[in-house]
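Chemist: Below are the chains, spelled out letter by letter.
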Amino acid sequence: MAGTVIGEGLSIEGDLTSEEEVVIQGSLRGKLTSSDAVSVGSSAVVEADVNAQSLTIAGQVTGDVNAAERVDLQAGGRLIGDVKASRLTIADGASFKGNVDMDV
Amino acid sequence: MARLNPESSVLGPTTRVTGRISGEGALRVEGNLKGDLAITGPAEIAEGASVEGNVKAETLEVMGSLLGDAIASGPIALRSGSLVRGDLRGSEVSIEPGARVSVRLDTQFELDLGSHRRR
Chain A
1 MAGTVIGEGL SIEGDLTSEE EVVIQGSLRG KLTSSDAVSV GSSAVVEADV NAQSLTIAGQ
61 VTGDVNAAER VDLQAGGRLI GDVKASRLTI ADGASFKGNV DMDV
Chain B
1001 MARLNPESSV LGPTTRVTGR ISGEGALRVE GNLKGDLAIT GPAEIAEGAS VEGNVKAETL
1061 EVMGSLLGDA IASGPIALRS GSLVRGDLRG SEVSIEPGAR VSVRLDTQFE LDLGSHRRR
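In order, the protein sequence lines correspond to chains A and B.
Per the working numbering, the first sequence runs over residues 1 to 104.
Per the working numbering, the second sequence runs over residues 1001 to 1119.
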């Protein structure tokens, strides 16, 4: 069970920090930090710097993302911002603009 | 996705939000919100959760703590163990034994005092 779910109709303006899995289907503008997995759903619009254990993007993210483990940009996902993660996948059909730092 | 209902939102127990939450659907707060909440669906402040800010929702059920004013188009329920300080306005307000409250109530029903007197 995801600990935190922001549904499709909901929007947050501000900072969200968590120690559990976070699923965003709505919108978030501010800052998003979780020590667990973060998932940005296909209907989601995130304008925030994201720090997470791992990050899956199927929606739109504008902001720098930093993942301890991995970032997965899925088909239909859109990321504008820099990525810092040791593993990154960009699926066919995803859009991405930014720099990648795999910490090598 | 763990929860299938896209209308249903949860702030989990370790989640803290500083800022404003608004929009459509329901929200259950199990963590901590510092800021205002304005939603079209029902709001719930779970046991151990806290909200510091004003709440506007369809209905409101408080088992945790609320410091701020609340406006609901439907009922507001303050459950046993809740801690609430602020002005409350709802179609009805219920306060269970064991709730610790310091509130001003503004409910929208009419008290029919006349019928008691006539009996």
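Rather than coming from a laboratory, the hints here were simulated on the basis of the structure.
Quick reminder that beta carbons are idealized off the backbone N, C-alpha and C, glycines included.
Honestly, I wouldn't trust all of these hints.
Some chain A residues judged to face chain B by a derived CB distance under 10 Å, without partners named [said to hold, decoys possible]:
#, residue
1, Gly9
2, Ile12
3, Glu20
4, Glu21
5, Thr62
6, Asp64
Chemist: Do the numbers back the hint for Glu20/A, that is, is its least Cβ distance to chain B under 10 Å?
Modeler: Interface hint status for Glu20/A: holds (5 Å vs cutoff 10 Å).
Chemist: Hint check: is the beta carbon of Ile12/A less than 10 Å from a beta carbon of chain B?
Modeler: holds, 5 Å
Chemist: Would the hint on Glu21/A stand, with a C-beta cut-off of 10 Å toward chain B?
Modeler: Hint holds; Glu21/A Cβ to chain B Cβ min 8 Å, cut 10 Å.
Chemist: Is the interface hint for Asp64/A satisfied, with its Cβ closer than 10 Å to some Cβ of chain B?
Modeler: violated, 19 Å
Chemist: Hint check: is the beta carbon of Gly9/A less than 10 Å from a beta carbon of chain B?
Modeler: OK, holds: Gly9/A within 10 Å of chain B, min 3 Å.
Chemist: Go through the hint on Thr62/A and say holds or violated, using the shortest Cβ distance to chain B against 10 Å.
Modeler: violated, 17 Å
Of the numbered hints given earlier, the model fails hints 5 and 6; all others are met.
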